[in-house]
Amino acid sequence: MEPGKTSYRAVRAIGVLLILQVIGLVVLGGYEFLQVDWRGIELRGLQHRSVEAAVFALFIPSAVLTLLAALSFLLLHRRGWLLAAAAQGLSLAVCLWLYALFQPGYVYPVMVYCVLMILYLNTRDVRMVFQSRKRHGVPREN
Amino acid sequence: MALLRRFEPVIRSTIGDKFYPMDVEPYVRACSLWVQRPGEQAVCVVRGGKLSLDRLAQQPRDEAGAVHFLKFTDEDDLGPNARGRRLFRRRAIDRIQARQAFKAGRGRLARVGYFSRFVDALYSIALLARGRVPGESAAAASVAYERIMAENEHYRYHGRVVRQDGWIVLQYWLFYPFNDWRSGFFGANDHEADWEKVFVYLSESEEGEVKPEWAGYAAHNYTGDNLRRRWDDPEVDKVGEHPVIYVGAGSHASYYAAGEYLTELPLPLPRPLARVTYAVRSFWKTRLGQYMEDEESGESGYFSIPFVDYARGDGLSVGEGGDKTWDEPRLITDPPPEWVSGYRGLWGLYARDPFEGEDAPAGPMYNRDKSVSRAWYDPVGWAGLDKVPPPPETLQAILEQQADITSRCHALRVEIDVKSRQLKKLGTELAAMRDRSHLDAPYGEASRRVSQLSGEIDRLRSRLAADEAVSESLEEYARRLKGGERDPARAHISRAHRPASEDELKFSRVAEAWAAVSVSLMLISFVGIVMFQREHLISMLVFSIAFFTFVEAGFRGRLIHVISSANVGLAVVATLIIVYEFFWQLVIAAVLVVGLYVLWDNLREIRR
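Protein chains in written order, with our numbering: chain A, 1 to 142; chain B, 1 to 608.
Be aware that a few hints might be false.
To be verified - Quick partial rundown of chain B residues pointing at chain A, CB under 7 angstroms, derived from the structure:
hint, residue
1, Thr286
2, Gly289
3, Gln290
4, Tyr291
5, Val562
6, Ser564
7, Ala566
8, Gly569
9, Leu570
10, Ala571
11, Thr575
12, Leu576
13, Ile578
What the hints assert, rightly or not - Residues of chain A placed beyond 10 angstroms of chain B at every Cβ, according to the derived structure:
hint, residue
14, Gly24
15, Leu28
16, Glu32
17, Gln35
18, Val55
19, Ala57
20, Leu75
21, Ala86
22, Gly89
23, Leu92
24, Val126
What the hints assert, rightly or not - If you want the ones that stay clear, here's a sample from chain B, every Cβ over 10 angstroms from chain A, calculated:
hint, residue
25, Glu136
26, Glu153
27, Gly166
28, Glu206
29, Leu273
30, Val276
31, Gly315
32, Gly321
33, Arg330
34, Arg344
35, Pro391
36, Lys424
37, Gly484
38, Arg498
39, Asn567
40, Val591
Everything labelled a hint here was simulated from the structure, so no lab data went into it. Backbone N, C-alpha and C fix where the C-beta goes; we use that ideal spot for every residue, glycine too.
With the hints as extra help, turn the sequences into a complete structure.
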């Protein structure tokens, strides 16, 4: 079941926001990598900065998921919501784990963006668009 | 008697059920009578074979806390002697037969969540510690029941006719010698003796003609409005004028439709926690405009213990058009016979179960605590029918209510008139005192009285408006009834007990297997982590809980719910971290935002 025509705008807006998130993650990751003097790394005692940049790679799965979710939203597929929610959850989980280990500076903007996206994805208007299948008498969600 | 026979029910049991409604007389004859005094061993008062219905009622008074009870299954049948061996063999045969006859179908555990399964496991373990009916009792009861039926095969109910509030209530009390729900059908309990009831409510016209209007079937915890169905409700299956009851296998709960009923015992949160949860939920829903899953489903409560009642109706049926016919019913007259009113004890083994599930019930007239049961003294209120007049009296009730409201409206109008005059006089007094500094004190007092009186008149007018609206709707209601229109048959039902749908029963074998092993698997993995992964204890525990939760959600089709709940949890933690790390920056940003907003608002005003 696809979303109704009236909700195309909200759904596409989420798609654009998700693409912005992927771009943001790529830019942030690129910036982190450029900050490291990779040639000067001592392999025996990895510098803190290099580790921070390296662990940014943990965001790759969630970035891929986010990209898929964005494409799903833009193509108006119902599964987009699930992918987007999973991507946000994964990103936040990675952020919290990194925060507990290194507290790298880049986790904060990612956290804020993810929190806002989670709230937006969970708003009643957006959720109702994807509840149509359930309301039409199919009790199972997935 | 004629009325009882005219509307007597047809019972349809489930394949595998071993006990059917029987007469109390041979049951009592087969029982021994015991008394359990506080802190003492149970004492046999009358030995098996010596008891009769008359003798049952003639029990001496006993000290406070003493419990009289019957014992249907013979201890000799359970011992390691010849009879015991026979019984052991018999039990094995019974099990094989039951397994062949009854298939539990797709499982109760797969139908409910993790926590419920965990609570269920605890409940099962608690059975070992609680008082309970011994494992052999069901087989022994089966032997004893078959002995009685071999002497005199019969299917009998106990009938009582009562008049209350304009209704004629036909009470069908069904007595089963044993409830083997737990041992036979994966249910909550076993107990000796089982009293079930089905009531049919008749209205009587002025000419003395009776008409069935409602039926009320007893099932577990259901009471009030949800218990009864209107006679013309399509859910009430009938054979001619005989309502059909689908009997739960082992539990003997009565249902309107054939099927498998998931009976979940909800466990409420403690009150302070429930209040906090309510406040958080309303903030989340109304202030933040967030979606909540139970908005649509109407679900509430956080966990429950699941049991399935198999009321398939594919077994033996008794009554009109059934495999067996009813024998002449045993009448419960008014005043009730001594065996009903004189014996307040339990009708089977007193297992001393603190939850009472394994204790036998008391008779039709009493609760287990010896108080008179509501179904006996108020059968109309028991099914929530006390607020419903019988159809021939409905118009009269409407007219009477309308007359009451009209006279109340009249009184209100008079009161409003008097108070309005008073208010006007006070208003002029107030106007006269305005800008007179020497009258400041009386002016203040008069203003207070004016506002008080004005509020009072406002409330009276609002009541009058509401009463007038009610009176109009009563008039319209009366018009509709006169035109032959009736209320919707199911308007009174807020939570109908319905059998599981085909969709709900579609569990794959993998889901079934997962439901059966998941709780144990999770506990074992926890132990493994604690023993072998102590250095990564927290992260491994979080990972394993997440793993089990997501697999479970996948099987139960609740992935969306779980992901959104997990996201909300993560978002709350992340927000707290951000507030902690950037508290002053956030305060400054908030002040800046407020300042900019005020500036923008003021500039907008100037531009206008």
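Do the hints match the structure? See the list:
no.	hint	result
1	Thr286	violated (10 angstroms)
2	Gly289	holds (5 angstroms)
3	Gln290	holds (5 angstroms)
4	Tyr291	holds (4 angstroms)
5	Val562	violated (10 angstroms)
6	Ser564	holds (6 angstroms)
7	Ala566	holds (5 angstroms)
8	Gly569	violated (9 angstroms)
9	Leu570	holds (4 angstroms)
10	Ala571	holds (5 angstroms)
11	Thr575	holds (6 angstroms)
12	Leu576	violated (11 angstroms)
13	Ile578	holds (6 angstroms)
14	Gly24	holds (16 angstroms)
15	Leu28	holds (16 angstroms)
16	Glu32	holds (19 angstroms)
17	Gln35	holds (21 angstroms)
18	Val55	holds (15 angstroms)
19	Ala57	holds (19 angstroms)
20	Leu75	holds (19 angstroms)
21	Ala86	violated (6 angstroms)
22	Gly89	violated (5 angstroms)
23	Leu92	violated (4 angstroms)
24	Val126	violated (8 angstroms)
25	Glu136	holds (42 angstroms)
26	Glu153	holds (45 angstroms)
27	Gly166	holds (41 angstroms)
28	Glu206	holds (47 angstroms)
29	Leu273	holds (23 angstroms)
30	Val276	holds (21 angstroms)
31	Gly315	holds (29 angstroms)
32	Gly321	holds (35 angstroms)
33	Arg330	holds (46 angstroms)
34	Arg344	holds (47 angstroms)
35	Pro391	holds (35 angstroms)
36	Lys424	holds (50 angstroms)
37	Gly484	holds (33 angstroms)
38	Arg498	holds (13 angstroms)
39	Asn567	violated (5 angstroms)
40	Val591	holds (19 angstroms)
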